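Trainee: The primary structure of each chain is shown beneath.
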Amino acid sequence: MSSYLEISRVTKTYTTPKGPAVIVKDFDLKIAKGEFVSLIGHSGCGKSTVLSMVAGLNDITDGGIVLAGKELDGPGPDRGVVFQSPCLLPWLTAFENVMLGVDQAFWTADKSERAAIVEYYLTVVGLGDSMHKRPHELSQGMRQRVGIARAFALSPKMLLLDEPFGMLDSLTRVELHGVLLELWRRNQITALMVTHDVDEAIFLSDRVVCMTDGPAAEVGAILHIPFERPRDRKALMEDPEYYRLREQLIDFLEHRAHERPSQAARAHQPALATATA
Amino acid sequence: MIFSKLKLDSLLLPLIGVVAFVALWFGLSATVSPDLPDPTATWVSSKPVVVEPFAYRGEMDQGILRFTWLSLVLVAKGYAIALIVGTPLGFILGLSKVATKICDPMIQVLRPVSPLAWLPLGMILFMKTGKGVSEMAALFTIAICSMWPTVLNTAVGVRSIPQDYLNVAKVLKLSRTKTLFKVLVPATLPYMFTGFRLSLGIAWLVIVAAEMLTGRPGVGGFLWQQYNSLVYEQIILCILTIGLVGFVLDRLMSLVEARFKTA
Ligand SMILES: Nc1ncnc2c1ncn2[C@@H]1O[C@H](COP(=O)(O)OP(=O)(O)OP(=O)(O)O)[C@@H](O)[C@H]1O
Ligand SMILES: [Mg+2]
Numbered sequence: 001m002s003s004y005l006e007i008s009r010v011t012k013t014y015t016t017p018k019g020p021a022v023i024v025k026d027f028d029l030k031i032a033k034g035e036f037v038s039l040i041g042h043s044g045c046g047k048s049t050v051l052s053m054v055a056g057l058n059d060i061t062d063g064g065i066v067l068a069g070k071e072l073d074g075p076g077p078d079r080g081v082v083f084q085s086p087c088l089l090p091w092l093t094a095f096e097n098v099m100l101g102v103d104q105a106f107w108t109a110d111k112s113e114r115a116a117i118v119e120y121y122l123t124v125v126g127l128g129d130s131m132h133k134r135p136h137e138l139s140q141g142m143r144q145r146v147g148i149a150r151a152f153a154l155s156p157k158m159l160l161l162d163e164p165f166g167m168l169d170s171l172t173r174v175e176l177h178g179v180l181l182e183l184w185r186r187n188q189i190t191a192l193m194v195t196h197d198v199d200e201a202i203f204l205s206d207r208v209v210c211m212t213d214g215p216a217a218e219v220g221a222i223l224h225i226p227f228e229r230p231r232d233r234k235a236l237m238e239d240p241e242y243y244r245l246r247e248q249l250i251d252f253l254e255h256r257a258h259e260r261p262s263q264a265a266r267a268h269q270p271a272l273a274t275a276t277a
Numbered sequence: 001m002i003f004s005k006l007k008l009d010s011l012l013l014p015l016i017g018v019v020a021f022v023a024l025w026f027g028l029s030a031t032v033s034p035d036l037p038d039p040t041a042t043w044v045s046s047k048p049v050v051v052e053p054f055a056y057r058g059e060m061d062q063g064i065l066r067f068t069w070l071s072l073v074l075v076a077k078g079y080a081i082a083l084i085v086g087t088p089l090g091f092i093l094g095l096s097k098v099a100t101k102i103c104d105p106m107i108q109v110l111r112p113v114s115p116l117a118w119l120p121l122g123m124i125l126f127m128k129t130g131k132g133v134s135e136m137a138a139l140f141t142i143a144i145c146s147m148w149p150t151v152l153n154t155a156v157g158v159r160s161i162p163q164d165y166l167n168v169a170k171v172l173k174l175s176r177t178k179t180l181f182k183v184l185v186p187a188t189l190p191y192m193f194t195g196f197r198l199s200l201g202i203a204w205l206v207i208v209a210a211e212m213l214t215g216r217p218g219v220g221g222f223l224w225q226q227y228n229s230l231v232y233e234q235i236i237l238c239i240l241t242i243g244l245v246g247f248v249l250d251r252l253m254s255l256v257e258a259r260f261k262t263a
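Protein chains in written order, with the numbering used here: chain U, 1 to 277; chain E, 1 to 263.
Note that these hints are calculated values from the structure, not bench results. Predicted model, so just to flag it, every value in this text is computed and none were measured.
Straight-line C-alpha distance at most 27 Å; calculated BS3-like pairs for lysine-lysine:
1) E/K97 <-> E/K170
2) E/K170 <-> U/K33
3) E/K178 <-> U/K111
Based on the sequences and whatever the hints tell you, model everything.
Mentor: And the structure:
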């Protein structure tokens, strides 16, 4: 399996007034092209930190990230990011928010072509009628859709999503799962999504990566989700395999997340001790 | 009941203030300051300047609104310079820590300097311009005194742009100009306009000093001339005019500012 994204022994240390704090340590993960991977873990373990490093928004302290054979250097149009809160610019309409990136990425195309791209993606996420509204006139779910459209409109090869549905009600969430999967399938995107919803992770992903608790969080376990695509939520709910996977995930989060798989091997390294002190 | 309470608060109470002020004025001119004209004398003497507000009888003998207009034009020019110089400077300070470290001590030292101190320097600076020297010096003084709130508020605004917006700009790979005009400027607008309002207040405050020292026609110049010709009544007229105009300007700017607050 050739990997599209390779995160090798990535470490993130923040300097704090109390000395260096090791948030993520020796994080290793390979993602194949077209794969959908979820990152799950307890709040504060460092999921957003890992994602923002892949996005290029956060410096890597140690280790390296290789994307499509190239060492990562800052943010780029090849990676679309959907933020935890939609982060729309409040002075622009939904249309203009999406257009902002499209104008920049496709500056060679003419104006009407670019407008067509924006309209297409806003329509796909179900905002055909509210394109010219400002964020404050949109509901939380609608804003999140704009965020998704904005990321997709740039045709990124890789999509990074930080709890994109965290703040939504379950009905909207289910609907947006459909939208996301449809766009992901059609554009053959590689996706890395942070979530702490176990059902969401299983339903969407090919693999679920469990992170251990911080400080010095790392990959604790990786679960393969074998279900055929396209997946049917109802059929899935009736599958005993679904519950077996769900149990495994919950068991990991409840009992094993605070254990370190490689603790013994690394016991001689003092960094852990200073971080927890 | 509520209506009458509202009326009491917004009409009656301010009226009490005005009456008390006029009474104090009468009292002062009748007792400790016999040279201070009382309100009746002020009115009688100011009447010609007020009832024909746009009259022109000579450079230093014009209707009060005509003088006000001249002052406003001068302030507008100086204020425009302050904004044109101050806003970009504020952006540079907000964006660059190095620039802040370089400029901050200078700004803190220059900021409290009175317009009365800047004016002579302005005269020296623009001596070569010949006849225009007094206007140039006045503009220089207005600009340099009123610039600081714009500079400082803009800088604060730029520094307090949420990291989220900057991340969006980075992720979308916006060019520098795009980031500036589509993200940084709109995000800073509310702060900028607070600065603009404060700057306008100062610009108007400075006008009197500027006109007094340069002898230019305008409310301030008129005030100074009437003082020198011992027509004290019209000094009070000028003071009231300056106050009212300042008040109106501030209100207008507040309206503009409020528009950007909600956006
Ligand atoms: N700039 C920073 N300086 C110091 N510590 C930081 C900084 N940013 C984040 N941290 C710490 O890093 C840890 C991981 O943060 P992160 O946001 O990645 O968590 P998370 O797994 O995304 O949590 P959540 O699920 O709540 O979003 C937290 O303990 C946080 O306190
Ligand atoms: Mg997070």
